[in-house]
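Engineer: Spelled out from the first residue to the last, the chains are:
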Amino acid sequence: MMWPLTPALPLELWPLAATPAGREMDALFLVELAISVFMVLLIFGTIFLFAIKYRRRSPLERPRPIRGGLALETTWSVIPLLVFLGFFFWGAKIYFANAAPPKDAMQIYVIGKQWMWYVQHPTGQREINELHVPAGRDVQLIITSQDVIHSFFIPAFRIKKDAVPGMYSTEWFHATAPGSYHLFCAQYCGTSHSGMIGTVVVLKEADYQQWLAGGRGESMAVAGGKLYQKYGCDNCHGRICPTLARLYMQERPLSDGRIVRADEAYLRESILDPGAKVIAGYPNVMPSFRGVLSELEVLQLIAYIRSLGTPALAGEGEGIGAGQGTGTAAGIAAPDARTQQGNQNAYPPDSNPHTMQGERSSEVQKREGGEVRDKQ
Amino acid sequence: MGASIEPLVERTTNYLNAEHSVKSWLLTTDHKRIALLYLVSITLMFALGGVFAMLIRIELITPQGDLLSSDSYNRAFSMHGIIMIFFFLVPSIPATLGNFLVPMMVGARDLAFPRINLLSWYLYITAAAVMLYVMVTGGVDTGWTFYAPFSSLFSNGRVTLTVVAVFIAGFSSILTGLNFIVTIHTMRAPGMTWGRLPLFLWAHYATAVIMVLATPVLAIAMLMLGLEHVFHIGIFDPALGGDPILFQHLFWFYSHPAVYIMILPGMGVVSELIACFSRKRIFGYSFVAFASLAIAILSFLVWGHHMFVSGQSVYAGLVFSILSFLVAVPSAIKVFNWTATMYKGSISFDTPMLYALGFIGLFTMGGLTGVMLATLGVDVHVHDTYFVIAHFHYIMVGGAVMAYMGGLHFWWPKISGHMYPEIWGRISATIIFLGFNLTFFPQFIAGYLGMPRRYHAYPPEFQVYNVLSSAGASILAVGYLMPLIYFFWSIRYGLRAPDNPWAATGLEWKTASPPPTENFEYPPVVLEEAYHYSDEEAPIA
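Here the protein sequences come in this chain order: A and B.
When we follow the working numbering, the leftmost residue of the first sequence carries the number 1, and every step to the right adds one.
When we follow the working numbering, the leftmost residue of the second sequence carries the number 1, and every step to the right adds one.
This is chain A alone, in the form it adopts within the complex (with noise of 0.2 Å):
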């Protein structure tokens, strides 16, 4: 196996912090350490003393006993708790700024499988085991799984985040200093887990934009688009069931009364789950495309359907057309070869030399497959 990156010494004590929020997390990490360091030799020295000056000296001795008082009691376990409650709200404080990306963040798909790193850019670059960002932006990873579940790390960011089969999560960061960081799997996930690593790159803006402009395939709407022609989608969107313009982040009323947003989140659920959350007045007559669809597919459907304009924005990017990659898939050719194929279950790549896998899920995916067709 090969490591990419080759340490600058040979022994390191402090990991380099690429983001304004990781030198936050390790200021708060400092702080921590310090009053721990101060508390630990507080106990050991006075246990030292205490050891030194009321040792032993007569196997007769019998010291007059001493009783607890409440107000050294109290003392001890009030400044403790308040120098907790001060950790806590500055943790709290970093947790919640990094689970709030900011709203013009650029947006990275991030699928985990057994056992590589699948990433995909809207504008239709694809990586395995990479991920190339500008420097000075902000950038927000949409992460999930394939299969189970992996927790996608770049220490050098001080970010980790689950990437959970069945949900999306998301996770942001705002790289300062251009680079190559370790990415690393950080949830055991099966045989090859500690192989599931692979590099960050942040670029300059200008590196970056030849690096964008090297390896532009489909974009992600365009083959949402393809997507939603092959598997008919329009017989039905726009006439008995919500025609799904300027639908992104709009909130819509459903059967049950409810008010939903329609995100990420609601649009994989509708097209996997579609009976779980109908819109008021439509028929709930779609068929699951649990099985059929890859996660990848389904991001792509669901970036299609963003290329149709959201609310806000009415009007902008009707059509297919709307995508900004127009050539032919040049990227990583290999999933959408075999979706060319009619191999619906075969994305990403398989690099999976471990058969029992792959013949679980093509097994699950078959007989769900089945149900739909019967269904239809």
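Hint data in this document are derived by calculation from the structure and do not stem from the laboratory.
Since this is a predicted model, take the numbers as computed values, not measurements.
Treat each hint with caution, since some may be false.
As the list claims (entries may be wrong) - FRET-style restraints, in silico, Cβ to Cβ:
hint, chain 1, residue 1, chain 2, residue 2, range
1, A, D256, B, L67, 52 to 62 Å
2, A, L82, B, W489, 33 to 43 Å
3, B, V51, A, N284, 55 to 65 Å
Think of the CB as a built atom: it goes at the ideal place given N, C-alpha and C, for glycine as much as any other residue.
With chain A held as given, fit chain B onto it using these hints.
Structural biologist: Below, chain B alone, put in the same frame as chain A:
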């Protein structure tokens, strides 16, 4: 120290030589004999878990995965975790020292349900046998945490049987807890009021409550995992309509309180040791006792701190974070009170005291790093790295195992009737303390640098910390082998132990070493508080 004082009257029969047949051991209902059955069984499991630890440490000396294959490595750390948690740490102090001492400390003849006590050992042995069968027929690669859907539908190990083993071991633990609760409630000797209970009993009472209330949830989680694994019933795998986060909630609802099942009895042992070797009543007795109960209650409310990056709601994270800080307060209270107990005491440095002092130091470091992990922003970075590994080994090995070793030395004269060689005891305690720190301190640094846990191969910049850690592990192994040798040696060659070699208080020291089968010649009556080391009245502070 007191080893030279021979008992005045030589008693001839005790629980060890009352009967000699194999049947008299395997069908015994004597809590002291059952404690010894447990002692032998968990020592074997500890050795086995230790072998897997050595495999892990040898593999990690080099960054490449060269000694074991990935699948073998994953099996090694899974077996290490499962054996050490479910088959050593959870039963360790309660099933051995607790079994031996709870009836003696309350002044009773046996536990409330002696036959259930024996059943609990048989359940443990059955579970251990199933686990050994798993080990020799292919092992399991889920880690001790069994996260779904990996464990239920993707693992290529023997998940079903492992789940069965953990399920059975859980019932062994429930029965032990039940026995302790009923015994402490109903079988206290005349005069043994709640306010006079040794802190060892308060700690075991709190532990037993957790065992009885939390372990069934583990059983439920294991059962559901088994159902999904065998019958493909969709509970946790989203492809089958399940929710993988649900498994984590169920698992940690047991497994976080389980951390306190492992550490609370250790705190009880340390309270006894500090008091005895300082010849002082524990400072703030009632605060230490109620801290045990506070820990037991709060331990049920903090499980979500294992899931800060799992995608659970950020508001849930907020609640679990603040509750985790709160559970650190009673632990801090205990540490301060132990330290204050030494003030103006008469301190001697026999082996058990060395372990107790080691416990305070290492537990403090484990606790403070736990506070860092409870901090939301910091946990995001160090979660699932070696920082977490180092933290919980400081609590589990630096805390629970140090206390277990200290307790074993302290009560060994009572259990075996013989003294261990004091000088070797001090040497091995020192070796264990140094070896432990060399093994686990470097892992804090490797973890903060970003080395993820459960990695078979790792980037070369982490190598120096792994080499230090592996070197420390070999020292630690020597430290653990020494007591094993000299305890056996002492049974044959050790000096005869007097009834009370440490001049300690407590009912267990008021009977013979080793005690007769019925524990006491006359039913004891308690006339004074615990740790009554001096007849002088304490001034009211």
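Engineer: Tell me the numbers of any earlier hints that the structure contravenes, in ascending order.
Structural biologist: Checked against the structure, the only hint that fails is number 2, while the rest are satisfied.
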